[in-house]
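Keeping their order, the protein sequence lines are chains A and B.
First residue of the first sequence? That's 406 in my numbering, and the numbers climb one at a time after it.
First residue of the second sequence? That's 406 in my numbering, and the numbers climb one at a time after it.
Just so you know, the hints here were simulated from the structure itself, not pulled from any lab data.
It is possible that some hints are incorrect.
For identical chains, the list gives no copy identity; a pair is met inside one copy or between any two copies.
Claimed, not checked - The calculated lysine to any residue pairs, modelled on SDA-like cross-linking and capped at a C-alpha distance of 20 Å, are:
1) 415 / 481
2) 818 / 699
3) 838 / 579
4) 863 / 717
5) 542 / 811
6) 838 / 588
7) 818 / 482
8) 838 / 578
9) 580 / 837
10) 818 / 579
11) 542 / 465
12) 415 / 834
2 protein chains.
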Amino acid sequence: MASPAPRRTKFILDEDRIPRAWYNIVSDLLANGIQPFPPLHPGTGQPIGPADLAPLFPMALIMQEVATDRDIEIPDPIRDAYQLYRPAPVFRAHRLEAALDTPAHIYYKYEGVSAGGSHKPNTAIPQAWFNKQEGVKRLATETGAGQWGSSLALAGALFGLEVKVYQVRASYDQKPYRRMLMETYGASVVPSPSNTTNYGRKVLAETPDSPGSLGMAISEAVEDAASRDDTKYALGSVLNHVLLHQTVIGIESIEQMAMAGEEPDVIIACAGGGSNFAGMAFPWVGRQLRGEGRYRIIAAEPAAAPSLTRGVYAYDFGDTGMMTPLVKMHTLGSGFIPEAIHAGGLRYHGMAPLVSLLKDQGLIDAQSVHQRASFEVGIQFARTEGILPAPESTHAIKVAVDEALDAKARGEKRVILFNLSGHGHFDLSSYEKYLQGGLEDFEYPADKVAAALAGLPKVG
Amino acid sequence: MASPAPRRTKFILDEDRIPRAWYNIVSDLLANGIQPFPPLHPGTGQPIGPADLAPLFPMALIMQEVATDRDIEIPDPIRDAYQLYRPAPVFRAHRLEAALDTPAHIYYKYEGVSAGGSHKPNTAIPQAWFNKQEGVKRLATETGAGQWGSSLALAGALFGLEVKVYQVRASYDQKPYRRMLMETYGASVVPSPSNTTNYGRKVLAETPDSPGSLGMAISEAVEDAASRDDTKYALGSVLNHVLLHQTVIGIESIEQMAMAGEEPDVIIACAGGGSNFAGMAFPWVGRQLRGEGRYRIIAAEPAAAPSLTRGVYAYDFGDTGMMTPLVKMHTLGSGFIPEAIHAGGLRYHGMAPLVSLLKDQGLIDAQSVHQRASFEVGIQFARTEGILPAPESTHAIKVAVDEALDAKARGEKRVILFNLSGHGHFDLSSYEKYLQGGLEDFEYPADKVAAALAGLPKVG
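Please take these sequences and the hints and turn them into a complete structure.
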């Protein structure tokens, strides 16, 4: 018989190793004297309390939003649904390393194994379950390219909740496959701006051919939820409880790197609203805050929507319609609409408040990446590792490859861990556009950024 | 902390449990006095030898085609590439069982975890590697919906071989995402019939708007390979060596069912050319041939292309252009073209000779399934288990669900194992058509079958 397989490629945990608690970084921040900024009521400028959020969210999620305990227990029915795809594997990228001829060791956590094809079900499942427990019948949400919408549609199907999705019109028109997936899971999908909300009708009256934006779609979904007793709102990123749910990624990866017998020097994830970045990074930042390790932790964001690297750290609205509470975050202004030329997700105007706080405190770094360079390494990754990455995830690959090439130039061993947040099966038209030379790079111009920032609300 | 997760969902093997040898069922057939029929030369009617196949295949694969050893060693570089996605998980379908309210236990082996999204890389990888070992620079092949073409494109990228794919025109035009995937992996794709082969030009001269068929595309790829010194041909199903490579599915599943502590009563896989069916079934048939177990083993085929249930067992060509050797198989005639209304794969006119032999010997059963019923259970599966199944795989789900409901009606416990051969991410337009009521059932008419069979070659 053959000799043993020459090298280990996957680090897989048994399903009884699905974390029993989410990791709440607020606990370790407070222990280090770092105080998160509260959300403010847009009318009064005063901190909002749980009751202010009750029209939109079930109380269990509101309590997670303000929790200060380090470990938040994951109920068994949620762990049971996580078992459909978790724990997610960590891969050693032997073939990519060989192609780069680098001494670096490259590892990636692969969240595309979920039925939604990305990390998004990590929070869609608990959000649906906690809503169901409190008698909610219907969830309203927004989605861009559709990773979040299809994940919430799946979670709704698993727990018997109706799901209404407001999808950014540009994606609705150009990428029909994710809409079809949402509908196959039983969700109802309309393009945003739509004529089913007051806010949508207002936008359409002013701009009938509006391509929509995430900020607009959030306004519509919030209005839908606020106006119906049987309906709550679900958000796929930004909020504390969403980031909390994603920490299963990083918690598992700590155990898997121990299986691999290596400690990462650099940890990388792409960042749009910040949830997959937080999911990977927070448990590692927590180790750092507790003095258990030292890491360089990098958020990879697109040059076309560079909130962490070009925005300001200020109180701003989460949506375009100015209906949400004000949160302190790195923002490009709530009126920001990324250029249509930008192919992937990661189009949100702001960054999650907790991620923004870590950046402001110097606990993490950020780099902006152009999309052509991202697609280039995305294709190299597909041809070596097999998996076709989501365009969003290619931003993280680009930073990882740059790190690996830097290690090669310096002749250093370096252990790199990045989060491959999803697959690109529904994004092939963007790959085709890249291969045909039709994708251009776009750096959001300084004057536009300045104008957007000048319009920030005067509070906080 | 929470109590342990309430039930086990996944049975996952560590990567050192990737099989070290493929299982060659010919060995156990011969031991039971069952002799496979040799392929015949279409001109002489005499059995062909290895030299006859040498223009099309590397010698290592030809020797596998005629091997009689029970275990065929898997070389380490192939096991290393298998590690990118194998071993594939076995799932217990707890949520589907609950939805059906059945006492049956339903298990499925999920082959959609591969980068190609189906079982096809199990043979694409060894085919590319063995060709590379013998100095081949370029592979030509055919594909329908594109599962096979994208898998060979991936394998070509992994081992540095050029890949040329002749894709059935109907699929090329209607389902562009798999073409884009093949091109992202670096393959060159043309619609078949094409004007790049003599056979393609002949078809186009007669029928300029021909939608193509797998049989036609095989003729084009065979002609391409036979006419170029640097090129060999690769087939994604039907041949003995292809079925052999797929047996990793069944070998792993035997170990995984032992992990689950259950012995299956019924084993099910869908069947077009027969490779995923063989991959799942042969190792279990082998146990039966050796007196180690008793199972009902069912091939699920579409009513629109019912070779096992409606064809005859006779010598026929593998392609439409009558260039291939004659093989004894269940066939609808090499001129068979399934109706365009049939949405999924499983469109081939014949069935793999080894699968046909088992059917003829009564060692396996077959059932034909209509596509609307298949999509219906496919959607139920997606909404309960999360995974969106390939339309092909829904045929197996349909038979599994029927078995589970029969067990319920009889009040019997029954252990059902089926192969979920791939995901349906690139087939969402078919799901949408079904949801919009646009899919019809089609039973291939008796007179057409009879006419096709009347044209069978007069040999054997």
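To see whether the hints hold, each was checked on the structure:
{"no.": "1", "hint": "415 / 481", "in the structure": "between (27 Å within a copy, 16 Å between copies)"}
{"no.": "2", "hint": "818 / 699", "in the structure": "within (16 Å within a copy, 55 Å between copies)"}
{"no.": "3", "hint": "838 / 579", "in the structure": "both (12 Å within a copy, 18 Å between copies)"}
{"no.": "4", "hint": "863 / 717", "in the structure": "within (14 Å within a copy, 80 Å between copies)"}
{"no.": "5", "hint": "542 / 811", "in the structure": "neither (52 Å within a copy, 33 Å between copies)"}
{"no.": "6", "hint": "838 / 588", "in the structure": "between (26 Å within a copy, 12 Å between copies)"}
{"no.": "7", "hint": "818 / 482", "in the structure": "neither (42 Å within a copy, 25 Å between copies)"}
{"no.": "8", "hint": "838 / 578", "in the structure": "both (16 Å within a copy, 17 Å between copies)"}
{"no.": "9", "hint": "580 / 837", "in the structure": "both (13 Å within a copy, 14 Å between copies)"}
{"no.": "10", "hint": "818 / 579", "in the structure": "neither (43 Å within a copy, 48 Å between copies)"}
{"no.": "11", "hint": "542 / 465", "in the structure": "within (16 Å within a copy, 60 Å between copies)"}
{"no.": "12", "hint": "415 / 834", "in the structure": "neither (30 Å within a copy, 33 Å between copies)"}
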